[in-house]
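Number of protein chains: 2
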Amino acid sequence: MRFVAEPIARLIEELNKLPGIGPKSAKRLAYHLLRNPDEEAKALAEAILTLKEKIKLCSVCFDNTDCDPCRVCQDKERDHSKICVVEKPSDILPLEQTGKYNGVYHVLHGTISPTEGVGPEELKIKELLARLKDGSVTEVIVATNPNVESETMAMYLHRIITPLGFRVTRLARGLPFGAELEYADDLTLGQALENRREF
Amino acid sequence: MRFVAEPIARLIEELNKLPGIGPKSAKRLAYHLLRNPDEEAKALAEAILTLKEKIKLCSVCFDNTDCDPCRVCQDKERDHSKICVVEKPSDILPLEQTGKYNGVYHVLHGTISPTEGVGPEELKIKELLARLKDGSVTEVIVATNPNVESETMAMYLHRIITPLGFRVTRLARGLPFGAELEYADDLTLGQALENRREF
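Keeping their order, the protein sequence lines are chains A and B. Heads up: the first sequence at position 79 corresponds to 79 in the working numbering, and the numbers run straight through without jumps. Heads up: the second sequence at position 96 corresponds to 96 in the working numbering, and the numbers run straight through without jumps.
It is worth saying that the hints were derived from the structure and are not from the lab. Any given hint could be a false lead.
Copies of the same chain look alike in the list, so a pair counts if it fits in one copy or across any two.
Cut-off 20 Å, straight-line C-alpha distance, at most; resulting in silico cross-link-like pairs (PhoX-like, lysine-lysine) [as the list claims (entries may be wrong)]: (1) Lys54 <-> Lys42; (2) Lys88 <-> Lys24; (3) Lys24 <-> Lys82; (4) Lys52 <-> Lys42; (5) Lys24 <-> Lys42; (6) Lys88 <-> Lys56; (7) Lys124 <-> Lys82; (8) Lys52 <-> Lys88; (9) Lys100 <-> Lys82; (10) Lys88 <-> Lys54; (11) Lys100 <-> Lys76; (12) Lys126 <-> Lys76; (13) Lys42 <-> Lys133; (14) Lys126 <-> Lys17; (15) Lys56 <-> Lys42; (16) Lys124 <-> Lys76; (17) Lys124 <-> Lys17.
These numbers were taken from a predicted model, which means no experiment stands behind them.
Bound-form chain A, shown alone (with noise of 0.2 Å):
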């Protein structure tokens, strides 16, 4: 980057270790934010770093917060007998997209991986199970992604939750195979919600 002012070589080369921002992007994206009054820049730098100092797990369900417990598991309005399990914090979104959901969540921060060596105890299993006991749940949703290793956790949980007493469901197959959940279209994860079916 020879003769680029070192700020905006700097800016260029922090936006290029983004997902999906080539350095072509990056560049771009660096002079359109010099071109720019002030004001968006600053409002860009500042929801960043808000971001990173207001952001907590909620207690209760551990999906991203800036309240405890969060707004879904404090909302009276939601059918808090059903839990709908989840991967992480960005699998959230698409799923209330849909509109087809009413319930609360769980966020379990990972999949079961023996390659990596990440076991059950590393995930939020064990606050899972401990929701599970205050009798007000009647049915748990395992919304994994569709892929091996999230298959195998998704069977190990209904394996452990189905001899407690509860309907455990998981999303229906109309996802196809090998798809990432964060980034599927609003009407394929509707149906797949609205086709759950007992394992």
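With chain A fixed as given, assemble chain B onto it according to the hints.
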């Protein structure tokens, strides 16, 4: 964006304002920053803020710079008898990356556009003419974009600078490297024919 914590929603919104970043990319980037170490997010936010603080226009060539005159204008190794005229600062990097140019630059900051009410006096044209007066320049390379408005401006620059006794040149027109003759547009192919050269 129901039930997404406000700091996340706000960052998604700010990212979504950037060119080429749609709602899905914005969401992916926001969750990426959330998942990754604080230092990465801080480095990005600081790079954005530093950019807007430190970058000024070079008083000689009007490129973005963090020192004045900019590094190119200060560089004694470069050929100060050639000035390459570009429309905007981001046009300089690709020219530098060719490794074929060792002269200096002049940034006009726009193009003459009667429809948008931009005349020559809104651009850094009188500053260019002032630079030509010191006697060290022999050639002005007009490196404007190949479109109708920029073409009009290129002709304008040619008309006012040539009579002052300078060599005024422009970037060659023709087929881009890797192009398929079969799919080239009429205009490009016509110009490639007109500008054909000896081997």
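Do the hints match the structure? See the list:
1. Lys54 <-> Lys42: This pair counts as both: shortest intra-copy Cα distance 18 Å, inter-copy 14 Å.
2. Lys88 <-> Lys24: between (30 Å within a copy, 16 Å between copies)
3. Lys24 <-> Lys82: neither (46 Å within a copy, 27 Å between copies)
4. Lys52 <-> Lys42: both (16 Å within a copy, 8 Å between copies)
5. Lys24 <-> Lys42: neither (22 Å within a copy, 22 Å between copies)
6. Lys88 <-> Lys56: So Lys88 and Lys56 pass the 20 Å test inside one copy only (14 Å; across, 42 Å).
7. Lys124 <-> Lys82: Classified as within; 17 Å inside a copy, 65 Å across copies.
8. Lys52 <-> Lys88: Answer is within: at 17 Å inside a copy they meet the 20 Å cutoff, but 35 Å across does not.
9. Lys100 <-> Lys82: Classified as within; 13 Å inside a copy, 65 Å across copies.
10. Lys88 <-> Lys54: Within one copy only: 18 Å inside, 38 Å across.
11. Lys100 <-> Lys76: Within one copy, since 17 Å is at most 20 Å while 67 Å is not.
12. Lys126 <-> Lys76: Answer is neither; intra-copy 24 Å and inter-copy 68 Å both fail.
13. Lys42 <-> Lys133: neither (47 Å within a copy, 40 Å between copies)
14. Lys126 <-> Lys17: Result: close neither inside a copy nor across copies, 35 Å intra and 41 Å inter.
15. Lys56 <-> Lys42: For Lys56 and Lys42, the Cα distance is within 20 Å only across copies (17 Å; inside one copy 23 Å).
16. Lys124 <-> Lys76: The answer is neither: 24 Å in one copy and 62 Å across copies each exceed 20 Å.
17. Lys124 <-> Lys17: The answer is neither: 29 Å in one copy and 35 Å across copies each exceed 20 Å.
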